[in-house]
Amino acid sequence: MKYCDKCKISINTNNNYCPLCQQVLEGEQNKGVIEKYPEYVSINRKIYPLTKRIILFVTIVSIIILLIINLATFNGKWWSLIPIGSTFYFWVLISVGVFSKQNIAFKLAFLTSLLIGLLVLIDQATLQEGWSYNYIMPLLLFTCNLAISGIILIKRIDYRDYILYLLTIVILSLVPIILLFVKVISEPWPAIMAFALAVSILLFIIFFFPKSIKDEIKKRFHA
Amino acid sequence: MNKESSYDTWFRLDNSGKIFPEVSNHRETNVFRVAVSLTEVIDKDLLQLAVDAILARYPMFKVKLKKGLFWSYFDYNSKPFHVEELKHYVCGEINPKKNNGYLFRVMYRNQDIVIEMFHSLADGAGVIMLLKAITYEYLVLTGKDIKPDNLVPTKNQRPSMEEYEDANSKFYDRKNRKHVPEQRAYRIKGTPLAEDLTGLISGNMSTQAMINLARENGLTLTEYFAALMMYTIYVTQIQYRGHIKSNQAPVKIFVPVNLRKHFPSNTLRNFSNFVKSNLVMTKDDITFEELKILVKEQFEKGMTKSELIRKMSENVAFEKNVFLRFTPYILKKYALKIGYNMLGMKLNTMSLTNIGKVDFPESMEPYVVDVTAAVYAGKYNTLNCSVISFRDRLKVTFTRSIVETTIEREFFRHFTNLGFDIEVESNYVEEY
Ligand SMILES: [Zn+2]
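As they're listed, the protein sequences go chains A and B.
Read in order, the letters of the first sequence are residues 1 to 223 in our numbering.
Read in order, the letters of the second sequence are residues 224 to 655 in our numbering.
None of these hints come from the bench; they were simulated from the model.
Beta carbons are placed, not taken as given, at the ideal position from N, Cα and C, and that holds for glycine.
Among the hints, a few may not be true.
[Stated by the list, open to error] Label pairs and their in silico Cβ distance ranges:
id: 1; chain 1: B; residue 1: VAL403; chain 2: A; residue 2: ALA125; range: 18 to 28 Å
id: 2; chain 1: A; residue 1: ILE54; chain 2: B; residue 2: LEU554; range: 30 to 40 Å
id: 3; chain 1: B; residue 1: GLY562; chain 2: A; residue 2: PHE57; range: 31 to 41 Å
Full structure from sequences and hints, please.
Right under this line is the structure:
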């Protein structure tokens, strides 16, 4: 025990001064004392890596150059959206798909929806051939549905966390069939495929996990 | 409790818990700590086993925070919980990403078991219960022959619904929920510590001697400490400087009140309220004597049943507001954040939390050395104080986000000048 004669307090420490008044403590140096609190370990501050900065810089500069060229030679088509959209998607894919700690069903649902949105945009901005909603949208939704339900079947334990995202994609899969009815889509088979899978998954959940849907809705929507 | 039903477990955030997720960050962490020192060095593996057993029994702690459309909620957490070695952080931010989503930590160092918890999940009484339960289970695992004596909940008891209830809304009175506007409080000045570090200084005193001293003054221990805190702040920061604008705000000591002692409830979740002392200290001749009288009067007034119910109802009223209720969470989040930043944390100069006496069963007492409590210190409350006691060892712990220790020094010197013995502990943050 050491002692501060100004504060008249005793303290058990290897340090030489009083924590209250910074004065030198009395009492013999006793090296064996185990400090009550651990020593400082410096925090590993996340340094924004230089490579990431360089890539980000190059990306932004190329996007600006592409936009300028597109505008300077404007012929009614936003062709620059194709490289810009791909670059943007690449960034999201890396940050959400690889580095984020979100659950995998969210990643799949989010990245699929974003990709569909971007491709529809590119389709509209270029030749407006309708390939995005005729083929890409239903087929991507189909694949995503298959992937999430596959993961749920394999990793049964966490299905409650995934079910909301599965439901989102199932509901989105109804969009192509609606578009087919209003004649926006001309190619029926991809839309019907996506719809059929979505309905089967929905029925499967309702028949085999009725409680989990109810629970999930109750949790997410309580007011 | 069988495994399948745990997966269905989810809880609404209780009334006071709702605000914390929106307003917490690395500076305002809203984390508090309780710790117990045992007579032997802690075995990490046994501690892990003890925590696992207790978590299985207390589903309300085995949760993660998730977002819903209107409110966030606690959802069952299926991931494993890991005990950690104690680092230098004191009540640092609980980052769910680093902790499998859990909202509390259990740490060990030498003879100490330390729990740090995010305030959304529980209050002081809830976390003390958790600490007792884990300590008991740990000592059983090390082969000690101890009995719970109804003082410690054990892993074999079944959870009761009462432990999860949001007791605040149970006592809600719509006729007594008037909002009383408050003035911004004086803020303790100092040089901020680097890197969001937190300084910690405890003083160990004799419980009986302190209670006697307060009694001789006709006060409770909390009242005595609060009055002394006001006086110390006054002497070190404000006296003869009353003409400075920033010194003209009232000094307010925020003292949490454990409502379980005033209203029937055994909830483990947040069920506390507060009383405050409040005085503009610009005069040059304020004495400790007059502060004692003032604090006693203000605390007694704040502690009446109707005033406690009013404060509870005032809080509950906002979540019963139909308009706010059905605002999507994303927007509500910002509304809460703005409201709280404008007022909430700026309404207090410092908080003084008295957890009170921790009772361990008689058979457990020989294995326990002492207990510690601490709350985070942030940008606005740059100094906070917690008091906790075990047998005749009363520990007053100051946590600070500033370099200066003048208030702590004057506070403890008050007692040593009266002839009381104090043994100090410090994390020596200034050495970092
Ligand atoms: Zn000293």
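Checked hints:
Judged by the Cβ atoms, the range 18 to 28 Å given for VAL403(B) and ALA125(A) is violated: they are separated by roughly 58 Å. The given range of 30 to 40 Å is respected by ILE54(A) and LEU554(B), whose C-beta atoms sit roughly 38 Å from each other. Range check, GLY562(B) to PHE57(A): about 40 Å between beta-carbon atoms, so the 31 to 41 Å window is met.
Hint compliance for this structure: hint 1 alone is broken.
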